[in-house]
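Visitor: Single-letter residue listing:
Number of protein chains: 4
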Amino acid sequence: MKMIITETYEEMSTVAAQHILGTMYENRRTNIAITAGTSPIRMYEMLIPQVKGKDYFSDTHFYNFDEIPYKHASCPGITISALNDLFLKPANIPTENIHALDENNYQAFDSMIKQDGGLDLFVMGIGADGHYCGNLPGTTRFQDLTSKVPCDERLKNRIGRLFTDKNEIPDFYVTMGPKSVMQARKLVLIASGKEKAAIIKEAFFGPVTPEIPASILQLHPHLTIIIDKDAASEL
Amino acid sequence: MKMIITETYEEMSTVAAQHILGTMYENRRTNIAITAGTSPIRMYEMLIPQVKGKDYFSDTHFYNFDEIPYKHASCPGITISALNDLFLKPANIPTENIHALDENNYQAFDSMIKQDGGLDLFVMGIGADGHYCGNLPGTTRFQDLTSKVPCDERLKNRIGRLFTDKNEIPDFYVTMGPKSVMQARKLVLIASGKEKAAIIKEAFFGPVTPEIPASILQLHPHLTIIIDKDAASEL
Amino acid sequence: MKMIITETYEEMSTVAAQHILGTMYENRRTNIAITAGTSPIRMYEMLIPQVKGKDYFSDTHFYNFDEIPYKHASCPGITISALNDLFLKPANIPTENIHALDENNYQAFDSMIKQDGGLDLFVMGIGADGHYCGNLPGTTRFQDLTSKVPCDERLKNRIGRLFTDKNEIPDFYVTMGPKSVMQARKLVLIASGKEKAAIIKEAFFGPVTPEIPASILQLHPHLTIIIDKDAASEL
Amino acid sequence: MKMIITETYEEMSTVAAQHILGTMYENRRTNIAITAGTSPIRMYEMLIPQVKGKDYFSDTHFYNFDEIPYKHASCPGITISALNDLFLKPANIPTENIHALDENNYQAFDSMIKQDGGLDLFVMGIGADGHYCGNLPGTTRFQDLTSKVPCDERLKNRIGRLFTDKNEIPDFYVTMGPKSVMQARKLVLIASGKEKAAIIKEAFFGPVTPEIPASILQLHPHLTIIIDKDAASEL
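Protein chains in written order, with numbering that gives the first Met the number 0: chain A, 0 to 234; chain B, 0 to 234; chain C, 0 to 234; chain D, 0 to 234.
For the record, the hints were derived by calculation from the structure and aren't laboratory data.
Careful: at least some of the hints might be erroneous.
Same chains, same names: a pair is fine if it fits in one copy or spans any two.
Unchecked claim - Result set (DSSO-like, lysine-lysine): computed pairs, CA atoms no more than 27 Å apart in a straight line:
hint : residue 1 : residue 2
1    : Lys200    : Lys1
2    : Lys53     : Lys147
3    : Lys70     : Lys165
4    : Lys165    : Lys193
5    : Lys200    : Lys165
6    : Lys155    : Lys1
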């Protein structure tokens with residue numbers, strides 16, 4: 000576990016962007032799982048001008064690691080839509096370099112990734128409750144590969160804010176599981192702000208338990224945590 | 000997780016020996032943690048003639064991963080003594096290539112390994128109760144690095160059989176913890192015999208839980224399990 | 000450059016076989032270019048029983064690195080036929096794991112290998128004249144990728160002994176060039192016998208020059224030379 | 000060989016800086032050989048604010064790859080002085096992370112690097128005559144490790160412009176040789192401007208010959224060339 004504590008969110012974003020670029024510059028196909036959400040917004044803003052239209056990145060492939068599908072509509076899900084908006088479209092990533100996890104392919108996703116050569120880098124955030132990807136307290140089992148997570152009322156309430164049309168709130172979502180994530184060669188976790196300070200301490204300096212899903216990441220042989228000093232303020 | 004199922008204990012030993020040799024042939028310093036016990040006996044018999052007196056292995060370093068010290072006597076502990084007998088002495092491994100964990104250096108052991116460049120390979124067995132190294136059901140916490148494990152009566156009984164002079168049974172032993180083990184670049188776990196069949200299924204195809212300490216190894220990105228068909232008979 | 004000097008041809012063969020197995024045990028697809036000729040005969044004899052029918056090697060792919068085609072007959076060329084006899088058939092390597100270079104695909108071979116993820120290991124011999132693969136004194140240019148080498152009378156005489164029907168001696172052969180070989184992640188070169196002693200000294204401890212084609216291999220960051228003491232007798 | 004062609008010198012500098020940072024972020028000791036000269040000036044300007052005072056880079060070590068000593072004065076040589084000014088001092092790199100090649104230690108330099116774990120990255124420029132490090136047309140032998148190069152009148156004239164006091168022009172300089180450079184895990188070569196266009200074509204798309212010292216770099220399995228469009232204008 001390597002801990003990088005930055006002065007600001009801006010520096011956190013810079014360091015995270017450089018981790019992604021470091022992998023993208025490899026002289027072979029590289030596979031990167033990337034995160035939506037608010038933490039990486041500035042990171043993607045930095046990456047876009049560096050990546051857009053650069054053919055020397057043609058061998059980098061991107062994967063989303065969870066998906067909340069619409070219940071009825073046949074449009075792309077919440078996560079891939081967010082990634083499209085944040086990064087994939089403005090950076091002009093070609094369709095053939097985007098590998099979208101969804102409710103139809105989730106059972107084959109782990110073996111597809113293995114077939115593609117495995118993930119070289121996995122970039123994720125962390126929730127104040129210790130969740131990462133769709134691995135939440137109360138639903139996480141460390142042995143799970145990519146799977147479907149049924150949504151009870153609590154979960155439906157939680158994801159409901161993502162849907163304008165409440166009829167589209169689904170009965171389940173899909174996510175790469177802890178076992179899938181741990182197979183990646185390198186993990187990068189980013190966080191900023193005082194509201195993440197408690198969970199950073201708890202997840203990475205406390206017990207490994209499914210109640211704090213991200214705590215398992217402590218055990219990965221190549222985990223880098225990039226956080227600003229606010230998120231590090233309880234260490 | 001790569002599962003190699005062999006016809007016999009002999010073949011299991013061959014395949015395991017070849018994993019160790021594959022690492023030893025690297026053209027840089029390599030660091031290997033090795034296991035005592037009965038499972039690797041034949042493996043070491045195969046390795047000894049191939050390793051003894053070969054200066055092209057001068058850059059391989061060996062580490063033990065747990066130690067049961069004598070309570071009073073100032074002689075080497077149970078584990079390193081067993082490794083000396085099984086492999087290190089008959090293979091003429093130079094003293095400076097042997098890095099013995101003991102009750103005096105255990106607190107510095109993880110940082111010493113990091114300083115040495117990290118472990119390239121970690122070769123271990125598994126007990127029928129799911130323990131590996133000194134990580135036993137009831138004493139294991141996944142977040143632990145190398146640490147001292149106090150011995151209650153149950154544990155004293157368990158390790159007592161290793162001591163002729165019962166006054167030498169110690170009040171504690173030391174072991175690399177789950178977090179230490181998971182930092183290694185590659186893990187190899189060996190097992191043979193029907194008495195291991197149930198735990199192989201449980202540890203690697205069941206829940207990840209401290210009650211089955213080896214279950215955590217499922218999550219390592221480079222785990223190879225080498226077992227004979229008896230040990231695989233419940234899969 | 001790591002130099003492994005063995006007591007005997009038998010030990011050379013053992014060490015070389017273990018290098019190949021070390022790569023084959025990786026937990027991902029591995030690509031290995033292998034050599035025909037007399038030097039590896041015993042190595043293949045050792046490998047066959049260890050590889051045959053073992054599904055845990057299903058992710059290893061094999062490539063030949065040169066080919067001498069028949070002029071008229073539409074049968075497989077000299078090299079792949081020899082590899083089939085020495086190893087691929089007796090070891091039951093599935094057709095889809097064999098990637099044969101020939102006169103039809105040689106121009107696409109380097110990019111096909113790159114597409115396959117690159118070569119992990121390249122196992123070759125050396126001629127008393129310093130040639131390796133089809134890179135001979137007088138025909139070798141270090142900058143060449145896989146290419147067609149026209150055969151003048153000297154070369155036709157040289158390869159003529161391989162053909163019963165002298166009408167089948169071709170006007171050219173194909174070979175991976177020095178630049179192709181140097182792209183592999185690891186190189187292993189084997190040699191045995193006093194008749195190789197002079198070239199071993201010259202190629203690996205003398206000037207790098209196209210007149211001694213194998214001399215370029217000195218410069219690879221991960222070259223292992225495995226030779227018996229006869230081949231090392233001039234060092 | 001991966002070729003990255005950038006729009007501008009500024010972009011070339013950005014991409015090169017990101018290659019260095021990508022290596023510096025590794026979670027273990029990393030060793031980087033760096034270049035003086037004019038090509039990397041902007042690259043270092045970009046790196047300095049990102050590196051200065053950041054303790055998460057404490058495990059990165061820097062090496063110079065050639066040195067022109069003063070003939071009489073006992074002060075640091077031309078190259079390390081330039082690196083100190085360009086990067087090492089403004090970035091506050093601690094003394095113990097700087098490994099200076101000089102006229103006293105050059106014979107031990109290759110084995111010292113091997114002892115340190117090898118070079119992970121080698122960043123260099125190229126001269127219009129095809130030289131890199133101190134490997135010049137007329138003095139370069141591909142098989143050379145780090146060595147002393149005697150200066151004839153031509154060479155004394157060439158390096159003379161670096162000395163205010165002409166009495167200090169030395170009779171020799173030291174440089175890592177082609178064989179030393181090729182041992183690094185990754186090579187990065189930077190160039191910009193039309194005056195480099197001809198040599199870029201010649202060195203990387205023409206014959207491998209000591210007369211164009213950089214031509215050997217074509218053969219490295221992990222070479223990245225980062226050049227602006229002016230330097231790429233003859234491709």
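Visitor: Hints broken by the structure, by number, lowest first?
Guide: Numbers 2, 4, 5, 6, in rising order.
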